[in-house]
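K.L.:
In case you want the letters, here they are:
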Amino acid sequence: MAAQTASRSGLKSALPLLAPAYLWLTVAIFLPLSAMVFFSFMTELPLSGKPWAFTLGNYAAFFSQSLYLTLLLASLRLGLEVTLWCIVIGYPAAYVLAKVLKGRSREAIFLLVILPFWSNGLVRIFSWAMVLREGGILDTALNAVLPFKINIDLMYSYPAVIIGLVHSYVPYMVLTCYLTLQAIDDSLIEAGRSLGASRLQVLKRVIIPLSMPGLVAGAALIFVPVVGSFMEPRILGGRTGTFYGTIIEDQFVAVFNWPLGAALSFILLAVVLVILAIASPVLKRAA
Amino acid sequence: MMTTRILEGLGRLYVGLLLAFLYLPIIIMALMSFNASPFYQLPFEWTTEWYASLWQNDQLISATWNSLEIAVITTIVSVVLGSAASLALYRYEFRGKKLLQALLFPPIAIPWLITGTAMLIFFFGVGIGRGLFAILLGHVALALPYVIVVVSARLQTFAPELEEAARSLGANQWQVTNRVALPWIMPGVIAGGLFAFAVSFDQFVVSYFLSTPGQTTLPVEIYAAIRKGFTPEINAVSTIIIVVSMALMLLTARFFKFGGEK
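Heads up: the sequence lines are chains A and B, in that order.
Position 59 of the first sequence, counted from 1, bears residue number 59 in this note's numbering, the numbering being contiguous throughout.
Convert by adding 287 to the 1-based position in the second sequence; the result is the number in this note's numbering.
Chain B with its partners taken away, still in its complex shape:
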């Protein structure tokens, strides 16, 4: 019993160390974004100068707006298309269904470097070219499989008898979908939407290959700035991004259980 106690204590300590490894660099970055020295020198002197100067940086601001717009549109489009597809995959049996479900995995499994360069080649070839529209096309495609997987998982808990009951009580197809199925899958739809937003807002690789100097997103702009050299401004904007996306995920977790708790 004694050894069990000790081992469990060590285990807890170990998980604590892992959390420190995961969060320390982020915390340090956040602290440094409030440090007056532009070369991250200690001692620490509090300032919000870098956040203030963000507002003067038109390039970053316009890239941020682009990122937000694309993420919002991606969320709406992929949630609508993805939920419809999930419903169809749940409701109907047909040949090739297994294949359609299997086709959702290449977009998730293939490295974004390959997907991104392939999109660049194809969009260029068919005349769509690069720019915000191309980025949007790509983001929706990346987000769709996630939405379908999440919504389908929620649908697994749905009892088809409910739809049957509604139908036998005289509801038409539209009413069945609208009043019975949709309310049930709503938590899945919201979680899928938040996933889609995160996939799009944090997406770097695909946006990177599809952007042009004027039409770019925030992560691409940050990458360019990092390669030019570190500035405290990047720290500030990075801190904002981390806070926003973590808040978003906490929100997602409220709607969607990851762990499959017992």
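Chain A with its partners taken away, still in its complex shape:
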């Protein structure tokens, strides 16, 4: 097939079909990302009419003020915690979907699991506000069941942010793990069992290693956006919800220090790229 298509004229015929899409991507994604890097080395935006000069000051600000580094670390920690929770919650579900459920019920439940993540994330985060706040559903329900009075007011706290983010991202983990788990041949598992391995040993020696690419893909898909999240901490975290993402948002919508915002964004981009680079060998093996 490859030889057949290669024999036909290449780039010249492809270009008219490719150009519109890639021009659009260039104008709306690649040029903006380059512009962001460029602006991050400026003192002022050149369009405001004010004098501007090249500077390293925006990056110096990141390294000299411990606030930014602290918040970046807080965001990385948030990403790590959410990813771990998603693995703990999502992996067993993916296993049940791939190896226990069969036929139509598997198809239906799989669809149900991934359905929410294609619905509006903002709205789903907002729905937690109703559950978690004092006098909210969780509070009311627990007090109706328990004989003693407790106050559940998780709203505007770190756990609320974690719950909201795990809720948003756990379908990713189920999806990627399901795809790799499903590809594992059942006879491998049976062979392990019949050779006298316990369930736990089969899990550790066969199932988890073989599904590693799915775990890593899911982790990368979750970790990266969580580190850059700002809407979820704002809504569910309130005053405790200050993270690296919210600081970047502030630079663009509140403080209007765009060059600093660009530098902070670029540092985040660099961190993200390093993480994706570390994950990519495992991902390539999966593909």
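These are calculated hints, taken from the structure and not from any lab test.
Source: prediction; values computed, not measured.
Backbone N, C-alpha and C fix where the C-beta goes; we use that ideal spot for every residue, glycine too.
Be aware that one or more of the hints could be misleading.
Incomplete in silico selection of chain B near chain A, CB under 7 Å [stated by the list, open to error]:
no. : residue
1   : Y301
2   : P312
3   : L424
4   : A428
5   : D489
6   : F491
7   : T518
When the alpha-carbon atoms are kept at most 20 Å apart in a straight line, the in silico PhoX-like pairs for lysine-lysine are as follows [unchecked claim]:
no. : chain 1 : residue 1 : chain 2 : residue 2
8   : B       : K385      : A       : K12
9   : A       : K99       : A       : K204
10  : B       : K384      : A       : K284
11  : B       : K385      : A       : K284
12  : A       : K12       : B       : K384
Computed footprint of chain B on chain A; a stretch qualifies when at least three of its residues, placed anywhere within it, have a C-beta under 8 Å from a C-beta of chain B [unchecked claim]:
no. : region
13  : 57-67
14  : 120-132
Once you've looked at the hints, dock chain B against the given chain A.
P.N.:
Relative to the frame of chain A, chain B by itself:
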């Protein structure tokens, strides 16, 4: 055997719990949008008051129209451009093809916060500024990679011999594309289009940075309202959005298998 049975039962129960975790807040939100108390107090009293008052909220209505218009245009543009690009990537071999395919992943993988702020800076710099046109530019760019990936996946199942056969029977390039390739990839194109619509209609982050007070989309309007304080009206509109986007995805699933079923 006994333990297997028990373990499988526990597994099913566990998946049920996960589904409850995923859907309970949404169901509660939907219920509360029909509750008379504006402070979400129980006992539950049925009302459609909040849905009725949505119709009086001009800001929300105009933002909804903006969202729909942008989502429809995004769908059409990204499906046309994306399908063309997928066809080219499938049909032709040339240097740099691998790179072009790899370039589709940064828009998907980079957090929207970074993409959105970068667009804001660039569009401001070149004079496009903020507003509905800027939002449209951004949405199409976000949707394109999804469309190309989905349509390309469908093309993988296409036999090039079909095109060869049509050509040898005297069809010209246009006829080959129109009568052979397009009908085959149609399910992929429709699924890609629904993806594009969902990406655009639910998009918050990029729209947020690119909108101005008069020119905004529904999610941005909702975010502003949430930060001002909860109102049952937001509940009502959120419920509508969830129902619409889930219905859309169910439709997509009809055209596009996610699971790679055995």
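K.L.:
For which of the previously enumerated hints does the structure constitute a violation, in increasing order of number?
P.N.:
Per hint list: 7 and 13 violated.
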